[in-house]
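One-letter residues, chain by chain:
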Amino acid sequence: MSATTSKPLITNQLPSGRNAGTASLYRLAWRNIWRQKRRTALLIIVVAYASLSTIFFWGITDGQVASVVSNQARFLIAPALITTTRYQDDLDPENALPDLAFTAGLNDIAGVRGSAPRIDFPALLRSPYTSETALVRGIDPALEPQVSDIPEKITQGRMLQDRGEVVLGRELAESIDVRLGERLAIDASALDGPQAAGLRVVGLIDSHIDAVDQNTVLIHLDDARALTGVTTATGVALDIARGQEKAVAARVQEQLPEDLGAYDVLTLLGAISQDLDNNVISMIPIGLLFAIFAALAVTSTVLVSVMERSRELGMMASIGLAPGRLAWMVVFEALFATTVGWLVGLALGYSLNWIFGTWNILGPIFAAASDSFSSYGFGDEFYAVSKPIYALYASVTILFAGIFATFIPARKVAGLEPVNAMRDE
Amino acid sequence: MKPMKPFVTVLNILVLLTTFAHAQSDANTIINTIIDNQRGGQSGRFTVTMTVFKPDKESSFTMTSVSDGNDRSLIQVIAPPRDAGQAFLTIDNNLWLYNPRLKRSLRLPPSGRSDSFLGSDISYNDLAGRDLQTDYTAAVASETAETITLELTPKELAPTPYGKIVITADAQSYAPLEQVYFDQRDQAVRRISFANFVDVDGAAFPTHIEVENLLREGERTVVDFSDYAFGIEVPESCFSQEALESGCQ
Numbered sequence: 001m002s003a004t005t006s007k008p009l010i011t012n013q014l015p016s017g018r019n020a021g022t023a024s025l026y027r028l029a030w031r032n033i034w035r036q037k038r039r040t041a042l043l044i045i046v047v048a049y050a051s052l053s054t055i056f057f058w059g060i061t062d063g064q065v066a067s068v069v070s071n072q073a074r075f076l077i078a079p080a081l082i083t084t085t086r087y088q089d090d091l092d093p094e095n096a097l098p099d100l101a102f103t104a105g106l107n108d109i110a111g112v113r114g115s116a117p118r119i120d121f122p123a124l125l126r127s128p129y130t131s132e133t134a135l136v137r138g139i140d141p142a143l144e145p146q147v148s149d150i151p152e153k154i155t156q157g158r159m160l161q162d163r164g165e166v167v168l169g170r171e172l173a174e175s176i177d178v179r180l181g182e183r184l185a186i187d188a189s190a191l192d193g194p195q196a197a198g199l200r201v202v203g204l205i206d207s208h209i210d211a212v213d214q215n216t217v218l219i220h221l222d223d224a225r226a227l228t229g230v231t232t233a234t235g236v237a238l239d240i241a242r243g244q245e246k247a248v249a250a251r252v253q254e255q256l257p258e259d260l261g262a263y264d265v266l267t268l269l270g271a272i273s274q275d276l277d278n279n280v281i282s283m284i285p286i287g288l289l290f291a292i293f294a295a296l297a298v299t300s301t302v303l304v305s306v307m308e309r310s311r312e313l314g315m316m317a318s319i320g321l322a323p324g325r326l327a328w329m330v331v332f333e334a335l336f337a338t339t340v341g342w343l344v345g346l347a348l349g350y351s352l353n354w355i356f357g358t359w360n361i362l363g364p365i366f367a368a369a370s371d372s373f374s375s376y377g378f379g380d381e382f383y384a385v386s387k388p389i390y391a392l393y394a395s396v397t398i399l400f401a402g403i404f405a406t407f408i409p410a411r412k413v414a415g416l417e418p419v420n421a422m423r424d425e
Numbered sequence: 001m002k003p004m005k006p007f008v009t010v011l012n013i014l015v016l017l018t019t020f021a022h023a024q025s026d027a028n029t030i031i032n033t034i035i036d037n038q039r040g041g042q043s044g045r046f047t048v049t050m051t052v053f054k055p056d057k058e059s060s061f062t063m064t065s066v067s068d069g070n071d072r073s074l075i076q077v078i079a080p081p082r083d084a085g086q087a088f089l090t091i092d093n094n095l096w097l098y099n100p101r102l103k104r105s106l107r108l109p110p111s112g113r114s115d116s117f118l119g120s121d122i123s124y125n126d127l128a129g130r131d132l133q134t135d136y137t138a139a140v141a142s143e144t145a146e147t148i149t150l151e152l153t154p155k156e157l158a159p160t161p162y163g164k165i166v167i168t169a170d171a172q173s174y175a176p177l178e179q180v181y182f183d184q185r186d187q188a189v190r191r192i193s194f195a196n197f198v199d200v201d202g203a204a205f206p207t208h209i210e211v212e213n214l215l216r217e218g219e220r221t222v223v224d225f226s227d228y229a230f231g232i233e234v235p236e237s238c239f240s241q242e243a244l245e246s247g248c249q
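From first to last, the protein sequence lines stand for chains A and B. Numbering follows the working numbering, in which position 283 of the first sequence is assigned residue number 283; successive positions increment by one, without gaps. Numbering follows the working numbering, in which position 99 of the second sequence is assigned residue number 99; successive positions increment by one, without gaps.
It is worth saying that the hints were derived from the structure and are not from the lab. Among the hints, erroneous ones may be present.
Stated by the list, open to error - The following residues of chain A were derived to be distant from chain B, with all beta-carbon distances above 12 angstroms:
{"#": "1", "residue": "Ala23"}
{"#": "2", "residue": "Trp34"}
{"#": "3", "residue": "Arg86"}
{"#": "4", "residue": "Gln156"}
{"#": "5", "residue": "Ser175"}
{"#": "6", "residue": "Asp210"}
{"#": "7", "residue": "Gln255"}
{"#": "8", "residue": "Ile292"}
{"#": "9", "residue": "Val344"}
{"#": "10", "residue": "Glu381"}
As the list claims (entries may be wrong) - Simulated restraints, written as ranges between beta carbons of each label pair:
{"#": "11", "chain 1": "B", "residue 1": "Thr49", "chain 2": "A", "residue 2": "Ala142", "range": "55 to 61 angstroms"}
{"#": "12", "chain 1": "B", "residue 1": "Asn94", "chain 2": "A", "residue 2": "Asp259", "range": "27 to 33 angstroms"}
{"#": "13", "chain 1": "B", "residue 1": "Arg185", "chain 2": "A", "residue 2": "Leu289", "range": "53 to 59 angstroms"}
All residues carry an ideal CB built from backbone N, CA and C; glycine is no exception.
Put together the whole structure using the sequences plus the hints.
In structure tokens form, the structure reads like this:
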């Protein structure tokens, strides 16, 4: 049996004249979309696919940003960092923390899971073959794993244990041609003049994040103190759960002396953070394109439906349903089918984001697919993100479908000549 | 076999330790003498000609230099005209540069100390400090009637990337003949040869030095000293910022 004959077209509830209720039009449109089951299923699939794609697209886009920020927090900077306010203006060891007395109660502040002092300073690395400038980080080997994931990414050798040792990013080690177990000379400008030390490479980091693998130099905090003349630290890194950095940094700030500041990772990223926001904004046209293509697919399907139903639409017009109301009926048909597709797409899209946000499925694929991902700071971990607003983004498809349906199939219906339409085969 | 008496064992160890300490002391004395010979051992004034050979070009510089025989020296470029006026002042481990075009002097940061001196195979680090004496432990590797060879290995935390330096000197005068720098894979990476010695109050001062980059074929630097005068009184003012900019009279 044909789908077109599964339900009666004209019932005793058929609205007539201009006073017919809009509710009746809704009911008629709703019934009509289920008369053409295959076509409606196609419409729903198209819209569901568009909604799913939109939600997944934004989940991945925001996941990229979250991945970069997370990697910055866990590998390059810290979830939050305490420094002097002067140090933020001038990253010079002479602006180091005046003392570390404030660190005594840090771990008691709600949200602070750990803390570790650091000394960051510029230095020259020398091998027998070449030399290279780098930003060296002096760390406490016992405390650093609380605030950084770098120790987990040491793929050759081991983490720092004592003075006289250095851990390098794998690519940095390659560029200055120094191997595990070999000596590296480090020259620095101390507060009271030049200082230098020869340190033995005990570990190599391979994080698949270019900024880490090409730049990281970790030495013992005491060696950093000897090289810089700083007796305290240039900063104290804090471990804070992802997403709570700003709020916890604000709480820490309340406990700090006046000349110290607690800066969350996004604040520390500064211009990079702004760039990430701009990247997301630049993705909006792509998201809109998704919606437009899906709406066009819906419109074309509705248009075909209208053309196939010319005869019955002409009949409806001939028994009193005004062309304008017929046009609205067609628009409602498009909107109903699109809404159902949208709801299906929401369910599938959020499910997909949940899967890719729970398990690191995409990270290894991206890392294996192209080296360029490491240059963007993604690493080999990549999780999708889910936000309620994605449902709104996906609903743009419905909006466009309504607009297009109004302008194309509905206009065609509104201009219908009942006599001519009924002659159509 | 009779068991060894504890007293004899302790005595042997003491003898061994004393011998080692004595040998170490000897090696340190020898390296000090070699370095003193290399530097002239006392204050002096020189004219220095440096020729830099690269595979595709050759350039030559003429400089004047004064030294207090220890850790202070002033070098001024007088030719070619393009580079004339550049000056380099070394005091202990600090090094200042003067650029006549910019009319500015600046203290060389640590990051610049391994840079090439006037494009040669000599680094600024080579101009400053006495790192062979301070950063390495010397041991006599071999000795013949003509030459003595010392092997220098880096001390713990010493700021050197080299695995070892092998120094060959005249066995009698301890005049330096050759220094070979090895990486940590036992590969020679740099050789410095000394020749044309002159006697400076008993010290054998080399007036011809060749620095060869063993990693890049065809790259070497030749330094010749002339118009030298040793044991002269060098005014304190020669080791000042004013002298760096306007010369040492």
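Against the structure, the hints come out as follows:
Separation of Ala23 (chain A) from chain B is adequate, the least Cβ-Cβ distance of about 79 angstroms exceeding the 12 angstroms criterion. The claim that Trp34 (chain A) is not at the interface with chain B holds, since no C-beta of that chain comes within 12 angstroms of its own (minimum 75 angstroms). Every CB of chain B is more than 12 angstroms from the CB of Arg86 (chain A) (nearest about 21 angstroms), matching its label as outside the interface. In this structure Gln156 (chain A) is separated from chain B by more than 12 angstroms, as the shortest Cβ-Cβ distance comes to about 16 angstroms.
Taking the minimum C-beta to C-beta distance to chain B, about 14 angstroms, the non-interface status of Ser175 (chain A) holds against the 12 angstroms cut. Residue-level check passed: Asp210 (chain A) sits 22 angstroms from the nearest beta carbon of chain B, beyond 12 angstroms. Gln255 (chain A), annotated as away from the interface, keeps every beta carbon of chain B farther than 12 angstroms; the closest lies near 37 angstroms. Remark: the non-interface label on Ile292 (chain A) is consistent with the geometry, its nearest Cβ contact in chain B lying 54 angstroms away (cut-off 12 angstroms).
Non-interface call for Val344 (chain A) relative to chain B: holds, since the shortest CB-CB distance, roughly 61 angstroms, exceeds 12 angstroms. Separation of Glu381 (chain A) from chain B is adequate, the least Cβ-Cβ distance of about 34 angstroms exceeding the 12 angstroms criterion. Thr49 (chain B) and Ala142 (chain A) have their C-beta atoms about 56 angstroms apart, which keeps the hinted 55 to 61 angstroms range intact. A beta carbon spacing of about 32 angstroms between Asn94 (chain B) and Asp259 (chain A) agrees with the range 27 to 33 angstroms that was offered as a hint.
Checked against the hint of 53 to 59 angstroms, the pair Arg185 (chain B) and Leu289 (chain A) passes, with Cβ atoms roughly 56 angstroms apart.
Violated hints: none; the structure is consistent with every hint.
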